[in-house]
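Asks: Those protein sequences? They're chains A, B, C and D, same order as listed. Using this note's numbering, the first residue of the first sequence is number 1, and each one after it goes up by one. Using this note's numbering, the first residue of the second sequence is number 1, and each one after it goes up by one. Using this note's numbering, the first residue of the third sequence is number 1, and each one after it goes up by one. Using this note's numbering, the first residue of the fourth sequence is number 1, and each one after it goes up by one.
Mixed in with the good hints, there may be bad ones.
What the hints assert, rightly or not - Facing chain A, from chain D, some residues (calculated, C-beta under 8 Å):
1. K48
2. G108
3. K109
4. M113
5. H114
6. G127
7. V128
8. V129
9. A160
10. T199
11. Y264
12. H319
13. P320
14. V329
Hint data in this document are derived by calculation from the structure and do not stem from the laboratory. Note that beta-carbon positions come from the ideal geometry of N, C-alpha and C, so glycine has one too.
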Amino acid sequence: MTELTYLDASREALAGEMRRDPRVWALGEDLGRGGVFGQYRGLAEEFGPARIADTPISEATIMGAAVGAALVGSRPVVEMRFSDFALCAVDELVNQAAKARYMFGGQGRVPLVVRQPIGMWRSSAAQHSQSLEAWYAHIPGLVVVAPATPADNYGLLRSAIRCDDPVVYMEHKDLWPLTGEVPVAADGGLVPLGRGRLVRPGHDVTIVTWSRMVQVAEAAAAEPGAPSIEVIDLRTLWPWDRAMVLDSVRRTGRCLVVHEAVQAGGFGGEIAATVGEELFGVLKAPVRRLGAPRIPVAYAPVLEATSRITAGQVAAAAARMV
Amino acid sequence: MTELTYLDASREALAGEMRRDPRVWALGEDLGRGGVFGQYRGLAEEFGPARIADTPISEATIMGAAVGAALVGSRPVVEMRFSDFALCAVDELVNQAAKARYMFGGQGRVPLVVRQPIGMWRSSAAQHSQSLEAWYAHIPGLVVVAPATPADNYGLLRSAIRCDDPVVYMEHKDLWPLTGEVPVAADGGLVPLGRGRLVRPGHDVTIVTWSRMVQVAEAAAAEPGAPSIEVIDLRTLWPWDRAMVLDSVRRTGRCLVVHEAVQAGGFGGEIAATVGEELFGVLKAPVRRLGAPRIPVAYAPVLEATSRITAGQVAAAAARMV
Amino acid sequence: MPASLVDRPQPDRANIDRARVLGHFRTMARIRAFEEAADQALKDGHVKGAVHLSIGQEGVASGVCANLDRGDFITSNHRGHGHTLAKGADMTAMMAELFGRATGACQGKGGSMHIADFQVGMLGANGVVGAGIPIAVGAAHAMKLAGDPRIVVCFFGDGAINRGPFLEGLNWAKAFDLPVLFVCEDNGFAATTRTRAVTAGPGPAARSESLGVPSTPVDGNDVVAVDAAAAELVARVRAGGGPQFLHARTYRLRGHTAADPAPYRPAAEVEERWLDDPIRRCRDLLALQGMAEAELDRVRADAVAEAAAAVADGLAAPHPDPALAWTDVQDVDMAEPATVGAGR
Amino acid sequence: MPASLVDRPQPDRANIDRARVLGHFRTMARIRAFEEAADQALKDGHVKGAVHLSIGQEGVASGVCANLDRGDFITSNHRGHGHTLAKGADMTAMMAELFGRATGACQGKGGSMHIADFQVGMLGANGVVGAGIPIAVGAAHAMKLAGDPRIVVCFFGDGAINRGPFLEGLNWAKAFDLPVLFVCEDNGFAATTRTRAVTAGPGPAARSESLGVPSTPVDGNDVVAVDAAAAELVARVRAGGGPQFLHARTYRLRGHTAADPAPYRPAAEVEERWLDDPIRRCRDLLALQGMAEAELDRVRADAVAEAAAAVADGLAAPHPDPALAWTDVQDVDMAEPATVGAGR
Ligand SMILES: Cc1ncc(C[n+]2csc(CCOP(=O)(O)OP(=O)(O)O)c2C)c(N)n1
Ligand SMILES: Cc1ncc(C[n+]2csc(CCOP(=O)(O)OP(=O)(O)O)c2C)c(N)n1
Ligand SMILES: [Mg+2]
Ligand SMILES: [Mg+2]
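Model the full assembly from the supplied sequences, consistent with the hints where possible.
Replies: Here it is, written out as structure tokens:
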């Protein structure tokens, strides 16, 4: 076990996979100088500029080239810098990466990982704050991952790089400095895709959440006077751990889905609809969702705060359900 | 009243608005020769090539230029040909069109309509068959419309063009030849955005649906032995007519959401979650969803059919709920 | 910038390699026969999706692909039958694909616009204009990374040069000095639009050169010239000379799709262009070189017979098992849903 | 192609319009003072979001915008303070915007990267590299459609020329012959990357010309030269000459963001470039023309005082009412939600 930040954990994970598999390489802007958040610091020195490739500002081609490179056997890790910029590369991700294997009848595979840092972070405003995991979960062919802890950012990134499917890998910018124990090992610490994590047990309400909201949910559960809250960190949005969620809600009888993304059309709808359908009659209260209002993220902190879910809101929502 | 096809209704609507408002113009590929489906036939002749603008194959700039043109007071109608190609213009739609008014503190408006024909149509395969309305409903700032009838394609398109917000306007390719009565008039026939349509009343199950699935739901309701089905055509996905849906389900006690799009992460989740939350205790059965499996749309008819919801499936699903 | 091929003398028509030209004639005849058969099959209701015919453009596919090894890669666009056949794909599997049969090149999942044959390095047609460019560049990038000597050829049309990926892809290829040959099939049209009307500046070659990728013009309907130009460019690419660009002028003798009567251009224009049909020109050349008309007729007849057999085979082939719709989506969590039709 | 300005004699420095140059000096001093104050305010914790300083590049903004009318439009990129001020925006409202206050140019909703002032035709900075290009082109398209004589200037960096919208936008502008002037501020860097390392071919000018848009090179740090070049290009655009391109070489004297110490380039390089500071050069020129040092100092002092006042004003200004977060999203169905925080 090593104490690492969420950021360093991702770097160790990538370095570990690059040492293990010479087909793995990374591409994106400014990677040679560590990447925009420092996630790639030192990697160009260890692996050389060919495998830590500095690209032009060409998101569409960063993604598209990764598709081509993956189809012929390499394993690219694509850095999109901010998930918002990945909107310049949607054809390449959704029409090409996600569908190539299928359209070609299984002749090729697209084992790429596209890192798309998400979330609100220091007044970054409308074009640098989005969380669009719901989009990618809706696209057949894509795996969607959103780690919440250093250990998961290590173990899930390693698993994502080993996955033969295209993986949308969404780190949260606000989590970069979060520290935690990480089981760094040449071939260990992997976290399976598609499995949730029971963050804390509880018996009144199940909170289903992911990414930065896991901390918020934990804080809510710890608030004095809060009901007994079970917190599940989904970790992977597609496939999501239905069994873990349904088991939990079967016990608690109540489910609150919390995510940072806009609530309308967010992935919480999928979970709420599924739980409502599967556990009708078992539920003691309607499944509730808590997500951002359907407004762009504003710049001014006091406005930005309108889009941010707080522990207090989560605790209050949970309390109202009991 | 005039008997028109869904296709001709849209052309009449656009022509009507162009006659009425000189700021309205259309841009896209091949429009001068009628557009890929003939929706623009004759318009270049009436309005000239400046207002029915033939563009290069530059989806990103078709959309981006429309944003700029809208910001300075014109009212562009953008043709994306197939909604799948709009994936080449997502930054322009989501990061620019949807957010400009907000980011700039209300200094500018983006009154554009982007026509994105959706849906499965004659073995068009994975890159020409998608229905991604759920994506756009999730984006603050966008209005999302999906007409199901000729009259609605007339009245909603006119309303969309008059709307000062950016509107994602999704016509269904399979509906082009559908005929129906359309109240063509210089300044009439408008259908308000955000209001659903009660397609047929019923008392056992409410089916909430839109676009091509409206016909399928109607057919299901007409199947011998089907329960008494109330069909609601939402027409507008954002804002969607919550009041109409909730009123109906309050009466029937049962709700089935049907859409052609992939069920996982589809807009049905939003509706199901909302109904489940608002009508807990009133519901006689869990809210059900019927959407496409999470697979790309295949080419071969027999495989493509796997993604297609049939009247039989809808009727069976409704029957199982009663 | 390397000397442009335009200044070189025409390949010596007196001393041509007759066997090679005959090979082109055969390849082009096979493409033509395949597409004529596909066109008829479409009319007969056996092909459900859209089909884009490359009739009149076969010289480019044949001339370029003759210079590739089986291991080399190509990417293509929506008009990809010619490239695919010229790269060595199996005609029967291709026809079955158009028919949506289980024996199709893509098991019926792709159709004409997503035809692919990875066994011969054909990495796929594409339904999105220009989308093949970054994919080709990425494949070349992977080759360079791996020290693999294989190269990549990227086919696209003159309409694609107005999409962003053209700039991004060519810039990328040159910035990383990748082994890729770009082939622009300039047929004058993008669907119903005369490309010139929406294309500013001098055209594809100038754009390519402005991105550091040397361009070579060629008469795309002269298969011998295409072969010679491609030979030199492929050699440069193989030698590590970085990306190259071949600007092949040609003409789309048929509509945009097989169903398009193309009323937007005068019949006289098309008629005149038929005189420049690459197959006819190749045939004339071979005849001039003394090849017997009967032999040439036999090549054509063989191609037609092969295509007819492919049609017969395709019609006899089984439709895919519907369960196949669920395979090759993704490995992670693709358990079958409880109810087909009730998606998950 | 019109004669390139590069061949013209340098603007005659003996006969310069002193008042005009002084105007540039003042504009540049104001931009500099604004950004230095913003930088300090950031360090002091008053600015929460990212700030990109254009220190060293003021000559381009000033030289170009001096040739525009208030009604003309500009679009900008992430590094937009200079363009915005030069176009005539109110400094106090800009500073308040950086501070996220209700009195900000965008009511605090945008911040530095989305600064805009529609009253003076400033259609917005942009957080997405290259995204301003199609927007500018579209605004110009609307002007042409409406027969409106106003023109559009589009500012972007050398990094943006590697994004697809560069090609698409310039092609479009020329294909429709639109009244737009593209201004590429070539500061040698795209964030931490030397742009040259990822940019193939001869560069921005060649790319522009390959798209039919004539390019003019200029020393971006010589505001008099920029002014002269822009004057000619703006005149051409106004006269219906179609799109034009100005390639302005400059240097980013500070880091990519205000927080970036830019360790990826040698201190000596930066030091040397400070000698080429456009404000210093303009000052030297004015001094040479006999302008009193004291007067020049006063211009600078006034600018600093104005910026200081803007900071003071901004700090005193109210934070926006949280309810403002719900306005200007969309008109259709923007009823307030029942519970703030419980989104709908
Ligand atoms: C991004 C995108 N936009 C539009 C289309 C529709 N479309 C298909 S082919 C075509 C014309 C392409 O012209 P060109 O690249 O010259 O190829 P050609 O058809 O002439 O072979 C168009 C507009 C598409 N498939 N993809
Ligand atoms: C599409 C996109 N990709 C990446 C970024 C991150 N980014 C912001 S500014 C910048 C460098 C831009 O360089 P240039 O265009 O030369 O402008 P400069 O910063 O030099 O003024 C990058 C990579 C972005 N904002 N948008
Ligand atoms: Mg063409
Ligand atoms: Mg720069």
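Asks: All hints are to be evaluated individually against the structure, with a verdict given for each.
Replies: Tested hints:
Evaluation of the D/K48 hint against chain A yields a held restraint, the C-beta minimum of about 4 Å falling below 8 Å. For D/G108, the interface hint holds, the least distance from its beta-carbon to any beta-carbon of chain A being 3 Å, beneath 8 Å. Of the supplied interface hints, the one on D/K109 holds, with its beta-carbon coming within about 5 Å of a beta-carbon of chain A, less than 8 Å. Hint on D/M113 holds. Least Cβ distance to chain A is approximately 6 Å, under the 8 Å limit.
With 8 Å as the threshold, the beta carbon of D/H114 comes within range of chain A, its nearest partner Cβ sitting at about 6 Å, so the hint holds. With a cut of 8 Å, the hint placing D/G127 at the interface with chain A holds, because the nearest CB-to-CB distance is about 4 Å. Given the 8 Å rule on beta carbons, the hint for D/V128 holds: about 6 Å separates it from the nearest Cβ of chain A. At a threshold of 8 Å, the smallest CB-CB gap from D/V129 to chain A is about 5 Å, leaving the interface hint in force.
The beta carbon of D/A160 comes within 7 Å of a beta carbon in chain A, closer than 8 Å, and the hint placing it at the interface holds. The criterion of a C-beta within 8 Å of any C-beta in chain A is met by D/T199, whose closest approach is roughly 7 Å, and the hint holds. Interface restraint check: D/Y264 against chain A, minimum CB-CB distance 5 Å, threshold 8 Å, status holds. Given the 8 Å rule on beta carbons, the hint for D/H319 holds: about 5 Å separates it from the nearest Cβ of chain A.
Annotation: D/P320 was flagged as interfacial toward chain A, and the flag holds, the nearest CB pair being 5 Å apart, inside 8 Å. Contact between D/V329 and chain A, as hinted, is supported at the beta carbon level, the nearest pair being about 5 Å apart and thus within 8 Å.
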